[in-house]
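*Asks:* First to last, the protein sequences are chains F and X.
1 is the number of the first residue of the first sequence in UniProt numbering; add one for each residue after it.
1 is the number of the first residue of the second sequence in UniProt numbering; add one for each residue after it.
Treat the hints with caution; some may be incorrect.
[Unchecked claim] In the EDC-like style, the derived pairs of lysine to aspartate or glutamate whose C-alpha atoms are separated by at most 16 Å in a straight line are:
(1) F/191 x F/223
(2) F/42 x X/111
(3) X/42 x F/111
(4) F/265 x F/235
(5) F/216 x F/189
(6) X/265 x X/234
(7) F/42 x X/110
(8) X/42 x F/110
(9) F/173 x F/189
(10) X/216 x X/235
[To be verified] Short derived list, chain X residues pointing at chain F, Cβ under 8 Å:
(11) 50
(12) 51
(13) 60
(14) 100
(15) 101
(16) 102
(17) 118
(18) 120
(19) 177
(20) 258
None of these hints come from the bench; they were simulated from the model.
Note that the structure is a prediction, hence the values are computed from the model and not measured.
Virtual Cβ for every residue (Gly too), placed ideally from N, Cα, C.
Protein chains: 2
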Amino acid sequence: MATIRDIARVTGVSCTTVSNVIHGKDNRVSADTIEKINTAIKELGYIPNMSARSLVSNSSKVIGFVNHVITRKDSNFMEDPFHSASIGAIEQALRENGYYLMLRTIETSEELLAFLRNWNVDGLFFTGIFKDHFFDVLSNLHIPIVLIDSYTNQSSLCNVGLEDFKGSYNITKYLTGRGHRRIAFASPDIKDGGVLQERFLGYKAALTEANIPFDKSLVFVQEMDVASCRLVSEDICRHPDITAVVATADVMAAGIMTGLRERGKRIPDDISVVGFDDISLCQMVTPPLTTVHQDINLKGRLAVNMMLQLLEGNEAEEDHLILPTSLVERESVRSLLT
Amino acid sequence: MATIRDIARVTGVSCTTVSNVIHGKDNRVSADTIEKINTAIKELGYIPNMSARSLVSNSSKVIGFVNHVITRKDSNFMEDPFHSASIGAIEQALRENGYYLMLRTIETSEELLAFLRNWNVDGLFFTGIFKDHFFDVLSNLHIPIVLIDSYTNQSSLCNVGLEDFKGSYNITKYLTGRGHRRIAFASPDIKDGGVLQERFLGYKAALTEANIPFDKSLVFVQEMDVASCRLVSEDICRHPDITAVVATADVMAAGIMTGLRERGKRIPDDISVVGFDDISLCQMVTPPLTTVHQDINLKGRLAVNMMLQLLEGNEAEEDHLILPTSLVERESVRSLLT
DNA sequence: TTGTAGGCGTTATCAG
DNA sequence: CTGATAACGCCTACAA
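Work out the full structure: start from the sequences and follow the hints.
*Replies:* What follows is the structure, encoded as structure tokens:
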């Protein structure tokens with residue numbers, strides 16, 4: 001519990017000098033006082049009190065990772081293996097740069113503001129938000145904000161995202177290229193301006209390009225859990241003309257494959273299924289899932305890079321990163337040609 | 001940015017009185033000053049500064065969720081869907097009780113101590129630790145600590161864990177009861193005193209009970225990722241007498257099933273496979289995986305309950321919770337009996 | 001090169 | 001019932 005004053009007393013100097021040494025302002029201190037102070041710091045095991053620092057400097061080294069809960073109140077925002085993986089990557093990169101990560105779920109903008117003031121939060125990662133009044137709140141915040149997987153025209157906000165449209169377009173095209181024309185689209189609730197909408201648009205674009213009229217009745221909206229996927233499968237079976245399913249997440253694709261199989265459908269012989277994300281699950285499922293690949297660790301690291309640039313007061317070099325996707329061809333799609 | 005003093009000025013009272021109102025010490029303040037102050041608080045949008053509070057009160061409302069990295073430096077502690085799910089549950093329960101969650105990976109006990117002092121951390125969740133010198137450090141910490149999935153004889157530390165031994169014993173017995181005698185055990189590195197060791201002991205106990213001699217060459221230690229699982233599968237195929245595999249995690253079991261299948265083995269016809277955890281993956285894999293079920297959300301909630309009791313200065317009612325497991329029978333096991 | 005003094009926002013003690 | 005006042009640990013002008 002040594003304080004800066006303790007080590008000042010021990011070394012016979014003032015707090016100021018100690019503080020200067022701690023902050024590496026070596027030009028203002030003589031070499032041997034630096035020496036003395038540094039050893040004292042080690043001896044006494046001095047550890048800075050971040051609360052005190054934060055209080056006086058209006059900066060806390062705390063970065064918040066915020067999840068905006070809108071839909072299900074009880075939803076655990078770690079359910080999605082994607083969120084959790086990126087958080088792990090983010091914690092690591094932040095820590096290496098002297099920051100601390102606070103996790104927080106919020107429901108209203110008031111809660112968000114309160115959280116920021118509570119801790120003098122230095123920066124904010126945001127995920128899972130959409131075009132609602134939230135963006136206005138965010139853009140008036142005056143602290144670095146990095147959005148992850150968000151679509152917004154508030155270009156003031158940095159974002160690291162994915163080629164959602166293109167990825168989805170490509171994999172749908174992959175399907176049409178193999179003769180599929182009745183292609184279902186399965187997704188959780190498609191929020192306006194969200195990731196899923198982009199993927200939805202990509203799907204539609206590919207259909208249009210192949211001269212396939214969009215059929216609303218082939219869109220199935222359900223949560224991603226196994227039970228909901230069974231519901232989707234049931235619905236799909238009611239449309240015997242469907243030959244392929246585009247799902248907006250691997251978890252969902254896998255769930256649907258299970259449901260379909262339970263109803264006697266063989267994959268890909270009876271129905272083809274594709275996913276999105278390329279999590280390890282894809283390789284473990286039978287048949288292995290054809291999907292759109294994205295690099296989640298990279299996403300996390302880039303988000304932190306952006307954040308660090310912002311924190312240092314620079315403009316981010318690139319403020320709207322779009323990571324590429326690639327198609328991973330496995331065995332869940334059958335060609336209808338020939 | 002209204003401070004307590006701002007609202008004191010506006011209402012014409014002293015800081016003390018405002019502070020008293022904020023903390024509900026209503027007996028020391030007259031009814032209408034309370035009224036006045038409360039409206040002012042709302043008008044000005046006063047939000048407490050936690051740093052200041054923390055500084056003066058030696059309590060921060062910050063709870064740390066700490067992951068102790070020992071093995072792979074680069075490991076992302078969110079990789080395991082289990083960790084992440086429990087963190088989500090924990091954040092939620094903590095928030096509902098006025099606490100904040102900080103995520104932190106540490107490598108040494110010094111780092112841990114520093115983290116605690118930095119923020120006056122009020123309590124600590126710990127996961128993934130083992131019987132090393134760390135326990136000594138922990139038990140001298142004098143703040144509430146709740147271990148998750150840890151085995152220790154330091155009974156001073158609270159723990160919420162699982163019937164690891166029993167779960168593993170039961171599922172192995174399930175196998176021997178179906179005529180299996182050459183049963184492999186697949187697991188990541190089995191640390192002394194860790195969860196995996198318990199599961200290993202459960203496996204061995206079931207063998208012994210069935211008069212099956214333990215054969216060291218049937219134990220395969222590998223990481224859980226798909227590539228490592230392929231290695232395990234390769235090894236298993238070198239022992240054509242093996243008829244069943246006990247894996248210490250569903251992810252691993254699924255990976256091994258994949259690897260085995262790639263080498264032409266049919267499951268369960270040629271080899272039976274069982275897992276542990278009962279994550280949703282089990283239902284999506286072919287064949288559906290027989291496994292040991294545990295309730296991860298419950299685990300998180302109970303851990304928070306324990307923490308809250310400790311934070312309030314009470315002894316925890318129960319300081320060593322062991323959650324039950326149950327066997328979920330699906331289709332990845334074949335009976336060898338007639 | 002070093003020291004003094006004031007203040008960040010809050011709470012606690014103690015006196016009125 | 002209410003209000004000064006000091007203190008928590010640290011930083012930063014400014015002064016020496």
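*Asks:* Run the structure past the numbered hints and jot down the numbers of the failing ones, going up.
*Replies:* Those not satisfied are hints 9 and 19.
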